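2 protein chains.
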Amino acid sequence: MKKSNSSNALNKEFLHRSCSVNEAIDLISGRWKALIIIYIHEGQNRFSLLKNILSPISDQILGRQLKDLEQNGLISKTIVPEIPVRVDYELTAKGKSLLSIFDSLEEWVAS
Amino acid sequence: MKKSNSSNALNKEFLHRSCSVNEAIDLISGRWKALIIIYIHEGQNRFSLLKNILSPISDQILGRQLKDLEQNGLISKTIVPEIPVRVDYELTAKGKSLLSIFDSLEEWVAS
DNA sequence: TGAGTAACTCACTTTAAAGTAGGTAGGGGC
DNA sequence: GCCCCTACCTACTTTAAAGTGAGTTACTCA
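Same order as they appear, the protein sequences are chains V and E.
Its first residue numbered 2, the first sequence is counted upward by one per residue in our numbering.
Its first residue numbered 2, the second sequence is counted upward by one per residue in our numbering.
Derived by calculation from the structure, the hints in this document are not laboratory data.
You can take every hint at face value.
No distinction is drawn between identical chains; accordingly, a pair holds when it is met within one copy or between any pair of copies.
Result set (DSSO-like, lysine-lysine): computed pairs, CA atoms no more than 30 angstroms apart in a straight line:
| no. | residue 1 | residue 2 |
| --- | --- | --- |
| 1 | K13 | K78 |
| 2 | K68 | K13 |
| 3 | K52 | K95 |
| 4 | K52 | K97 |
| 5 | K95 | K13 |
| 6 | K13 | K97 |
Since we're looking at a predicted model, the values are computed, not measured.
Produce the entire structure from the sequences given, and follow the hints as far as they go.
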């Protein structure tokens, strides 16, 4: 996490200290993150596959979100030394356990 | 929802169309919203009570988040014509049903 | 040689959320 | 009269997320 003295950043810390639900929401609320997790689970596990299916996304954003998800332990990355080199993403246990929460959210929002 | 032709807004629509999980996350990812819901549930059901407990928040932000939550059907508002006038907030059924999802999220993030 | 693909990265701009300052209305208390 | 309270609202600035454009490496195919 970046250090900053802006109220904005301090308030974020306050929220994380107050309740870990806020932390959880931060991890998944980045735009595209939920979909990336769902599609990786469905087998769209490579950069170019995700780029195609999330058509309006740019390379930059996709790369950034994948990096975030990896750093937060929701997905893992394997570089397969083929020619051409291949990079596979997959959900970690933590990533997989999100899927049932997504189901609940989907049900909840439809209610 | 505001209409706009920016990619930013169009991408948001794309995400909502793609998967309703994104809609659900939008409803709860506004800063302070999860805590407001939790505190209202715990009986901190008035503007000034919430303001005290969420000490770094400003009147403006609190008002805005409460309005959002009301418009999205997560909380309801009752004006009690006492002197001085009192305004009570409470969770709707939809708001209450979020609490168990918050529990799951809390567990998940701790895992 | 030139174009294309995969998986990125850097530097930049734009957008919308978050935050700040100050105002409002109707009363109360000194 | 004057400042305090509750529960807001308007207009503005700041911040960080989202998005854009172009470049990179390394290899393939025509």
